[in-house]
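Those protein sequences? They're chains A and B, same order as listed.
Quick note: the first sequence, position 41, residue 41 per the numbering used here, numbers continuous.
Quick note: the second sequence, position 196, residue 196 per the numbering used here, numbers continuous.
It is possible that part of the hints are untrue.
[Stated by the list, open to error] Which bits of chain A does chain B cover? Going by a derived footprint, with three or more residues having C-beta under 8 Å, they are: (1) 40–50; (2) 61–69; (3) 131–144; (4) 152–161.
FYI, nobody ran anything at the bench for these hints, they're computed from the structure.
Since the model is a prediction, treat every value here as computed from it, not as a measurement.
The C-beta atom is built at its ideal place from N, Cα and C for all residues, glycine as well.
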Amino acid sequence: MTEPSRERTAEDEGNTRGTDVELVGDAVTINVARAALFAALIGAFSYVSFPNPVSPTPVTLQVLGVFLAGIFLGPIWGGTACVLYIVAGILGAPVFAGGAAGFGVLVGPTAGYLWSMPVAAFTVGMVVHGGFTPSDPKSNGPIRLVSAMVAGTVLIYATGVIGMMFTLDLALSEAFITGAVVLVPAEVLKIAAAVGIVRSDAITAS
Amino acid sequence: MLTYEPGSSIAHRLDPRSKLAVQIGIALAAFSHTTPRGLSFVTVLTGCILAVAALSPLAALQEIRYALPFLVAGPLLSMIVLRPPWLAPPAAIRPALASYRVLLVLLVSVAYVRTTRVRESRAAIQLVVPGRVGRLLGVGVSLVFRFLPVLIADLSRARVAMRARLGTERRLIDRMRIVATTGVRRAFGRADRLGTALRARCFAWNPTLPTLQLAPRDVPFLLLAVALITWSFV
């Protein structure tokens with residue numbers, strides 16, 4: 001008689017442990033999914049290169065991905081997407097420029113640009129949405145969008161140049177020539193493209 | 001594309017935490033001892049690490065080729081002076097050493113990526129970063145690994161379609177807008193489906209992960225990491 005009751009007790013314990021599963025809330029679930037997909041998109045953008053009209057360095061769309069993360073996901077989840085992008089890259093996802101990966105990239109010549117990405121996405125999100133809560137990005141005028149992205153660009157390139165000065169031991173002028181002069185003109189095109197993307201009707205989810 | 005490759009080298013069998021510790025140690029040592037003597041020591045260590053990972057230096061260099069132009073441009077620019085004799089090679093020594101230390105750190109990170117499974121790295125993150133933040137990072141990172149090839153395929157299909165419709169004749173802004181719009185639209189579509197699927201499968205904060213255990217073979221590598229980190233602060 002005692003045997004079956006002991007078995008039931010063990011089963012009950014199993015069920016009790018089953019109820020300990022801590023479910024993630026619906027809003028967080030969808031935001032985690034979006035942040036992860038945006039992080040993968042920023043990584044996929046590093047594989048898309050266009051010939052640069054003003055310099056031999058081809059244009060990739062990673063920075064555009066950072067802007068769009070801030071605009072579409074808001075400051076918190078846009079910043080999270082960039083953090084996920086960097087952590088995935090450190091752990092071996094080939095998401096950095098040229099299909100690179102690994103911890104070394106974070107102290108390499110492009111380190112400054114990478115470190116600034118979460119802050120840039122956060123800043124772009126804050127300026128576009130005027131706070132932590134995401135609103136419909138289409139409701140914003142182009143001036144607000146452009147100023148948000150200009151702030152993001154300044155942040156990314158300032159940190160990128162400082163990173164280059166530190167990692168490659170260059171003077172400010174040398175780092176500025178290597179890391180900003182040849183790359184910034186293409187950013188103007190990306191900002192224009194981003195405004196077009198936000199104001200088009202092709203993207204409905206926000 | 002730099003990714004994990006299955007193998008039977010010693011590095012493949014090490015705990016990811018000891019490999020991460022050695023990487024951090026090498027980076028700190030290379031940045032704090034950027035002298036010919038310090039870097040020659042780090043070079044020997046890097047050679048040993050590549051050997052432990054059964055990775056040839058040439059294959060590792062091939063993986064970091066994207067960074068080589070930056071590493072070469074720095075010292076070259078520093079050599080140029082705006083008066084005769086126009087070139088001052090001594091000015092390039094410090095930037096050249098700086099470029100070289102970055103090269104060493106990049107080579108070591110190639111060895112890590114080549115020899116470490118994503119699941120192990122994810123478990124290491126969740127042990128290092130505690131609580132919900134660590135779990136969120138773990139889940140997010142494994143989703144990035146899962147969806148990166150899918151989104152790359154989405155973007156390349158968009159480019160093929162654009163090319164077929166003579167989209168290459170359009171202005172650069174339009175081409176970037178078309179490709180990026182497709183990317184964002186697909187990413188949102190996939191994220192919404194993924195969100196629904198995660199909710200349907202009771203997405204929880206406490207999933208089961210592979211257990212990581214430090215083995216005796218990790219001890220010399222952990223000691224090396226501690227020695228390197230200590231050296232970099234001396």
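Hint check, failures only = 3 and 4
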